[in-house]
Amino acid sequence: MTKVKSDLKPTTRIISGNATVAWAARYAKVQVISAYPITPQTVIVEKLSDFVDAGEMDAEYVRVESEHSVMGFLVGASYAGARTFTATAGQGLLYMTEMLHWASATRLPIVTAISDRGIAPPWNIWGDHQDVIAERDSGWLILFASNHQEIFDTIIQAYKIAEDPRVFLPIMVCLEGFMLSHMNTPVDMPDQADVDDFLPEIPKNGWPHIFLDPERPISHGNLQNPGGATATPGSMYFEFRSLIDEAMLNSKTVIKEVAEEFKKKFGRYHGALIEEYKCNDAEVALVCMGNLADQAKYSVDRMRDEGYKVGAVKLRAYKPFPTEDFQNLAKKIKVFATLERNMGFSLYGGCASVDLKSALYYLEERPIVMPVIGGVGGRDVSVDDQCWIIKQAFKNLEKGELENKVEYVGFHK
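So the sequence shown is residues 0 to 412, counted in numbering that gives the first Met the number 0.
If you are wondering where the hints come from, they were derived from the structure by calculation, not from laboratory data.
Ideal placement from N, C-alpha and C gives every residue a C-beta, glycine not left out.
Treat the hints loosely; a few may be bogus.
Calculated cross-link-like contacts (lysine to aspartate or glutamate; reagent style EDC-like; alpha-carbon spacing at most 20 angstroms) [stated by the list, open to error]:
1. K263 x D196
2. K356 x E402
3. K331 x D244
4. K390 x E363
5. K203 x D163
6. K330 x E402
7. K330 x E364
8. K390 x D280
9. K255 x D244
10. K394 x D280
11. K308 x E256
12. K28 x D163
13. K28 x E200
14. K263 x D195
15. K203 x E162
16. K356 x E305
17. K330 x E282
Label pairs and their computed distance ranges (CB to CB) [said to hold, decoys possible]:
18. D6 x G306: 51 to 59 angstroms
19. E400 x G75: 22 to 30 angstroms
20. R12 x E238: 41 to 49 angstroms
Please work from the sequences and hints to get the whole structure.
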């Protein structure tokens, strides 16, 4: 596809997180949008509908009857070589699950925004990461944004990552419901020409590995027998799955490259797989995903003023998990206090804390991983709460072991 010129010039807009997502998709010049409303993401697809209806986006906007159909439609559109986009949340993401696997196993570079919310029952529509964590092994890359500017910039970066031949995997860009989706803050937006130059051109004849072209007939998704080590090449199910894993590992390099390229071109950097804050001499690091990662910087500053050697780590990429980054940090950090808005039921903590323990397992000298659960169902986590977590981490450091297998903040006992 030939890049279409646009008259969008650099500006600052004071808008919601949901509107920020829609503007980013517009800047990325997505060609096909499939939509079904669900709180708290509905404003995203409504705003995109407004753009298309006003003739401000050259895109096909398709309303379907369910989230399952949303992703099924995008699988077909991406299969045909289009740049695609949608948004969902909570129960909608769960309903989409079957087609999420079709998207990743077909290696389609679909980008989807998730305005994270709690999972029913009981019904809850506020910020919570359980919906995305439930899809952790679907083969999708999962990136978390901590503020509105990062939402915009990450959506743009996501297309460059997903469409890289070393990756060709779909990406979720996550923002908490209401805490980010509905709050308004200033967002700096660039010249459209610069975004056009930053993003790759969409191939005219479909993606190089999968396409719908009568001149180049291929088959996809047909039955694969179990096979074996000496099986004929026709039995490749195991091998297909291993290629997804390889692409996920490749994406670590690509995410880092894209973050640096974005910084060079637009002057903004939100970290790559992680973002460190005051970790150079820190003994304890507070690890957070999403908006709590921004707040953690204020908490660290307060505790620094009280004499605590503490830093913060924003877990920006949950998938791929930044194993090597944490292993490097473990050379100086003695306690990782991992605060999460999800529950890894029976695992004594959230899922990221378990993944972090796995990442550190083979180190001869392992830091303490202190699992903390808070903010579930959108419950408030204050700076005071985060400061308490930091103090508890130092108490555990002094004892050399965890006082409790998992800590809770804002929990009614």
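Restraint check for K390 with D280, where alpha carbons must lie at most 20 angstroms apart: holds (17 angstroms)
Between K394 and D280, is the straight-line Cα distance small enough, at 20 angstroms or below? Judged against 20 angstroms, a Cα distance of about 18 angstroms means the pair holds.
For K308 and E256, compute the direct alpha-carbon distance and say whether it is at most 20 angstroms. Distance ~31 angstroms between K308 and E256 Cα, so the pair is violated.
Hinted pair, alpha-carbon criterion (20 angstroms max): K356, E402. Please report holds or violated. holds (17 angstroms)
Within 20 angstroms, alpha carbon to alpha carbon, are K203 and E162? holds (14 angstroms)
Take a quick look at whether K331 and D244 sit within 20 angstroms of each other, Cα to Cα. violated (30 angstroms)
Under the criterion that the straight-line Cα-Cα distance not exceed 20 angstroms, is the pair K330, E282 satisfied? holds (10 angstroms)
Verify the CB-CB distance for D6 and G306 against the hinted window 51 to 59 angstroms. Given about 54 angstroms between the Cβ atoms, the range holds.
For a C-alpha distance cap of 20 angstroms, please report whether K263 and D195 respect it. holds (15 angstroms)
Taking the CB of E400 and the CB of G75, does the distance hold inside 22 to 30 angstroms? violated (54 angstroms)
State, for the Cβ atoms of R12 and E238, whether the hinted interval 41 to 49 angstroms holds or is violated. Once the Cβ atoms are compared, 47 angstroms apart, the range 41 to 49 angstroms for E238 and R12 holds.
Does K203 pair with D163 here, judged by a C-alpha cut-off of 20 angstroms? Judged against 20 angstroms, a Cα distance of about 16 angstroms means the pair holds.
Consistency note: the structure conflicts with the earlier hints numbered 3, 4, 6, 11, 16 and 19.
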